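Fit chain X to the given chain F structure using the hints.
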Amino acid sequence: MIDSPFSQGKSILHSLDPRVKILVVSLYSFLTAVEKRPVVLLYASFLPVILFFLSRLRIREVVKRMLPVNGFVLLLWLFLPFSFPGEKIFTLGPLVATREGILYCLILTWKSNLIFLTTLLLLSTSPIFHLVHALHHLRLPSRLVQLFYFTYRYIPVVHREYTRLSQAAKIRGFQPGNNLHTYRSTGYLVGMLILRAYERSQRIYQAMLARGFQGTFWTLHHFQWRKADSLAGVIFFLYFLGLCYLKWL
Amino acid sequence: MHISEGILSAPVLLSGAGVTIIGTALGLRGMKEEKIPRTALLSSAFFVASLVHVPVGPSSAHLILNGLVGILLGWAAFPAILLGLTLQAALFQFGGLTTLGVNTMNMALPAVICYFLFHLLVKKKSTALTGIAGFLAGFLGVLLSGLMVALSLVFTGEYFRQVAKLVIIVHLPIMFIEGVITGFIVVFLRKVKPEILEG
Chain F
7 MIDSPFSQGK SILHSLDPRV KILVVSLYSF LTAVEKRPVV LLYASFLPVI LFFLSRLRIR
67 EVVKRMLPVN GFVLLLWLFL PFSFPGEKIF TLGPLVATRE GILYCLILTW KSNLIFLTTL
127 LLLSTSPIFH LVHALHHLRL PSRLVQLFYF TYRYIPVVHR EYTRLSQAAK IRGFQPGNNL
187 HTYRSTGYLV GMLILRAYER SQRIYQAMLA RGFQGTFWTL HHFQWRKADS LAGVIFFLYF
247 LGLCYLKWL
Chain X
59 MHISEGILSA PVLLSGAGVT IIGTALGLRG MKEEKIPRTA LLSSAFFVAS LVHVPVGPSS
119 AHLILNGLVG ILLGWAAFPA ILLGLTLQAA LFQFGGLTTL GVNTMNMALP AVICYFLFHL
179 LVKKKSTALT GIAGFLAGFL GVLLSGLMVA LSLVFTGEYF RQVAKLVIIV HLPIMFIEGV
239 ITGFIVVFLR KVKPEILEG
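Residue numbers (this note's numbering), protein chains in the order written: chain F, 7 to 255; chain X, 59 to 257.
To be clear, the hints were calculated from the coordinates, so they are not data collected in a lab.
Owing to the predicted nature of the structure, the values given are computational and were not obtained by experimental measurement.
For each residue, glycine too, the CB sits at the ideal point set by N, CA and C.
You may find that some hints are simply not true.
When the alpha-carbon atoms are kept at most 16 angstroms apart in a straight line, the in silico EDC-like pairs for lysine to aspartate or glutamate are as follows [unchecked claim]: (1) X:93 <-> X:253; (2) X:93 <-> F:205; (3) F:42 <-> F:106; (4) X:251 <-> F:41; (5) X:181 <-> X:253; (6) X:181 <-> X:256.
Far from chain F, by Cβ distances over 12 angstroms, these chain X residues were calculated [what the hints assert, rightly or not]: (7) 126; (8) 177; (9) 179.
Derived coverage of chain F by chain X (criterion: at least 3 residues anywhere in the stretch with Cβ under 8 angstroms from a Cβ of chain X; other residues may be distant) [to be verified]: (10) 12 to 22; (11) 35 to 41; (12) 86 to 95; (13) 179 to 190.
Excised from the complex, chain F in its bound form (with noise of 0.2 angstroms):
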């Protein structure tokens, strides 16, 4: 369920150290989310796309992934185009579609679609314990790099745990349906996960204090900053002032 099968290959993308990964993901998510204008929409489209062949990933591999992502953008098609006052392009009805609303929806799809690609190409590429582990090199709050390590190594053993609870209802003849039977199983069900997993974090403390833990987490591997890194964090900058050029002059 929560492999991250993007993350195995050996491009040039899945090598760059995790650290440049965050930043990069960072600067480009927060300058292109509140960008209208599409000359520098253009300019941000280069950067997936690059990415993208760097990456040797699958396109249909991709496409499949962004296709959730599009939902909530769908829901916006729905409506947006009726929302803008303007220039008619069509009646639906009582409702008016202007270009001003499509164009708005355009650029909103075009943008939603440029974060998430980056996010997808960058972060994807790399295994997670890879990116928590480069979270702490960048300086976030110790317990919350903690909490992250336990809550994703232990999200597969409660999720083998919730397939045994469901696959024993269903053996019982267990079928959901619109009624309190269903939503009162669901809840014992539920509870009994939470309860297990409780139970189960008092054991791992008891483990860890057995083993003379004492509040501090080793790190025994590390990351090895190569030439290629510094390179590539030379190009992204190079990048990044472009884009800020076009954002603000």
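For chain X alone, coordinates are given in the frame of chain F:
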């Protein structure tokens, strides 16, 4: 409901990020060393629970349970939900970096409100009272979240008014179901393991 990237305006994004940073800091500060595995495992459980689908009329919806997250975790609901959403963004591309603040705030602030309103009531002796408090927490958690999502959209621009209304309408049936299920979960936990509700 998660709001996509590139849709909200800068002031909305920034206020969301601000509230989330403060909430997360408060949540982390109150967390003792031995509570970290507990909070993390509960976060994992809530992450998995959010994949559980229940029928709603002819369609189905996934559980949100932010009211329950609030009751069990208090201010730690902020870091827990922040991590959950980050993982969803990284693994399934639901939401992204710039909306992380707003989306976390929209779910975690109602959770914390539910904590202050109901965490004492849940521990009361009578099972009925526990169930009612659970129902209200589940109901209110989703109601407030829906309202906050709608407000985030409307504050971005008046033209989002229709979408915002739809968001609230979609949340209406889910509130009741969340309420009922949260009620059952809380009653179950009270009977089987009351320590969990002690915090």
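Going down the list of hints, with the structure as the test:
Distance check on the hinted pair: residue 93 of chain X and residue 253 of chain X sit about 14 angstroms apart at the alpha-carbon level, within 16 angstroms; holds. Proposed proximity of residue 93 of chain X and residue 205 of chain F is supported: the alpha carbons are some 13 angstroms apart, at most 16 angstroms. For the proposed pair residue 42 of chain F and residue 106 of chain F, the alpha carbon gap of about 13 angstroms is at most 16 angstroms, so the pair holds. A hinted pair counts as satisfied when its Cα atoms are at most 16 angstroms apart, and residue 251 of chain X with residue 41 of chain F does not qualify at roughly 51 angstroms.
Simply put, residue 181 of chain X and residue 253 of chain X have alpha-carbon atoms about 10 angstroms apart, close enough for the 16 angstroms limit, and the pair holds. In summary, the hint linking residue 181 of chain X to residue 256 of chain X is supported, as the alpha carbons are separated by about 7 angstroms, within the 16 angstroms threshold. Non-interface status of residue 126 of chain X relative to chain F is broken: a Cβ of that chain comes within 12 angstroms, the nearest being about 8 angstroms off. Annotated as non-interface, residue 177 of chain X keeps its C-beta farther than 12 angstroms from every C-beta of chain F; the closest such distance is 15 angstroms.
With a least CB separation of 18 angstroms from chain F, residue 179 of chain X remains clear of the 12 angstroms interface cut-off, as annotated. Counting residues of the stretch 12 to 22 of chain F whose CB lies closer than 8 angstroms to any CB of chain X gives 0, so the stated coverage by that chain is violated, three being the minimum. Here the stretch 35 to 41 of chain F counts 5 residues with a CB under 8 angstroms from a CB of chain X, which clears the bar of 3, and the coverage holds. Proximity of the stretch 86 to 95 of chain F to chain X, defined as three or more residues with a beta carbon under 8 angstroms from a beta carbon of that chain, is established by the 4 residues found.
Counting residues of the stretch 179 to 190 of chain F whose CB lies closer than 8 angstroms to any CB of chain X gives 7, which reaches the minimum of 3, so the coverage claim holds.
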